[in-house]
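Undergrad: As you go down the protein sequences, you meet chains L and Z in turn.
So that you can map any letter, position 335 of the first sequence is 335 in my numbering, and since no number is skipped, the others follow by simple counting.
So that you can map any letter, position 284 of the second sequence is 284 in my numbering, and since no number is skipped, the others follow by simple counting.
No lab work stands behind these hints, which were simulated from the structure alone.
There are no misleading hints in this set.
Pairs count within a copy or across copies, as identical chains cannot be separated in the list.
The calculated DSS-like cross-link candidates involving lysine-lysine, where the alpha carbons are at most 30 Å apart (straight line), are:
#1 226 to 216
#2 226 to 64
#3 187 to 165
#4 271 to 216
#5 315 to 206
#6 271 to 87
#7 315 to 164
#8 206 to 309
#9 64 to 271
#10 48 to 23
#11 23 to 271
#12 199 to 165
#13 35 to 48
#14 328 to 107
#15 309 to 131
#16 37 to 48
Remember, it's a predicted structure, so these values are computed and weren't measured experimentally.
Number of protein chains: 2
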Amino acid sequence: MASGEEVSNQQIILKNYVTGFPKETDMEVVSSSIKLKVPEGSNSILVKNLYLSCDPSLRVRMRKPENLGYFVGFTPGSVKRSYIISKALSGFGVCEVLNSGHPDFKKGDLVWGITGWEEFSLIARTETFRKITCTDVPLSYYTGFLGMNGLTAYAAFFEVCSPKKGEYVYVSAAFGTVGQLVGQFAKLMGCYVAGSKEKVDLLKTKFGFDDAFNYKEEEDLASTLKRYFPEGIDIYFENVGGVMLDAVLLNMRLHGRIAVCGMISQYNRAKLEGVNNLFYLLTKRILMRGFFVLDYGHLYPQFLETTIKHLTEGKIVYVEDVVEGLEKAPSALVGIFQGHSVGRKVVLLARD
Amino acid sequence: MASGEEVSNQQIILKNYVTGFPKETDMEVVSSSIKLKVPEGSNSILVKNLYLSCDPSLRVRMRKPENLGYFVGFTPGSVKRSYIISKALSGFGVCEVLNSGHPDFKKGDLVWGITGWEEFSLIARTETFRKITCTDVPLSYYTGFLGMNGLTAYAAFFEVCSPKKGEYVYVSAAFGTVGQLVGQFAKLMGCYVAGSKEKVDLLKTKFGFDDAFNYKEEEDLASTLKRYFPEGIDIYFENVGGVMLDAVLLNMRLHGRIAVCGMISQYNRAKLEGVNNLFYLLTKRILMRGFFVLDYGHLYPQFLETTIKHLTEGKIVYVEDVVEGLEKAPSALVGIFQGHSVGRKVVLLARD
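Isolated chain L (complex conformation) (with noise of 0.2 Å):
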């Protein structure tokens, strides 16, 4: 189609703010319109969404305002105007660039970065994208995997944890992209692994964790934990929150590492859950550090190649769940929440 051409763009909306677990209906497919050309002389970019995230962060944003010190929440049927000029929810995805007044980027290009829920985005600030110039990978793996959730996984493990060969290793929403993706860089040091989700069989054939459990079967995670970890636990990955995280405190080892960055658990609560064995970072010497991946950006080359390398070695396997058609984005999103979910969600708008 020809630049600069007006044409109808799908896009997803925040209907209200959302108290408890994410519904469908506190989301909206809305049809709007877009010109494919960028504000003159301007160095934004017009991209064509192919692949969207369902990331678990993004119920985060969907609270009423707190000062929650993350990046800017949605409001309701208001149009953002910092990353994208848009009323659609965001979140990273991989597009196609069709009209760039931005020097880094021309026609054509592939990226990935922190784009709209909607078929046409006009990217406003560009400094979340990166060009895409390995495609010898599916695609959609720059959307989280080969994106912010692999360099999650990467820089927490490496820079936060610090991981030394034959220590203990706790994962937990371990078949998420990031618990995934930390079982195998901590299998490749030579680490023991240990990770639970409902899917136990898979995390230990398909991903090589020594063990794994379902801590939905567990009554007491305490002593879970004890019999997978009669050692204890040198680093635990934190994505859980919650009750989860009082039963690790328990079971962790001397100097123990413990790299936070998610809380699930908390996400979808009104009022945040109690934790009551922090007194043990002080008697074990805990290090436990909140974890942003922007602060880690630099890392990313390294990462790329790393990783890129044991795929091409089949030392790193990944499991994507994709869902067809923009218009399943808000139940892909909620089926997170509900644990039923086999790897990334990812949502395929266009085959480029």
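Using the hints provided, position chain Z relative to the given structure of chain L.
TA: Same frame as chain L, but now just chain Z:
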């Protein structure tokens, strides 16, 4: 008195495991006897105790044994055989060497280290002991301020908190040995410092804190902190835990640092208190680290040189609360948990 003579030895022993706040009756003054000579062929030292320190962490060691990861707890009525051979309580103290089987120590040396709550102690393992070479300052200072508490303040502040000029520092339990010193180190670094403790005026006039409040007079700690730190807190020096930590987490700035050096509000609890706001570790990318001074022993010489220099130049001051007589030790220890003490409580046994 002649070396080798058997003399009477007054001791403070633990009568029963402590639950809740410690009471004087949890301890007992008993009479024993001791030979003022180390066993033939051993590398022990035999010391006369001059000053003992009432350290809040003694309370932790009076609990029923749990997997606290800490150094060995006390067992009522039984003789410890690790660092000291004695049934007395033990903790940091300043002593004079009366007899030595160890090549590093000789009769007449003034030393500090982990000794018994008794008149004379047989020290089987001298790893915690250091010789006192500078006696231009009160000897009692080596029980804490120029000993392990001082090193805690120094190492936890500089190594864990990585302070920068102009940052906002909040010190809880600011009147303790560690709190006093952290506040003064922070001022010397050019930080803004506020503390909480009953003696608000003293914190400001004596130790040069920018501001201070009495947490006992505040109904809503989160709003109080918001008032004292409108820009938020960069560094929190944690000595308290519980509801204080919750209020602090709400008021931390992005990339804040929390050194966990004590959680005095938790020591007397049978059940640990829940902390609800850990989610902010994630959203504000906070580092939180449990600190134990014995991991930082290599920094002692540089700490001592720096601190004595500042002390001599009047840039650092210190407040102690000395009580005289071993029999006063139980009430002195109990008193620190009632929040009335001004500065470190020290028990004077003998003036050398």
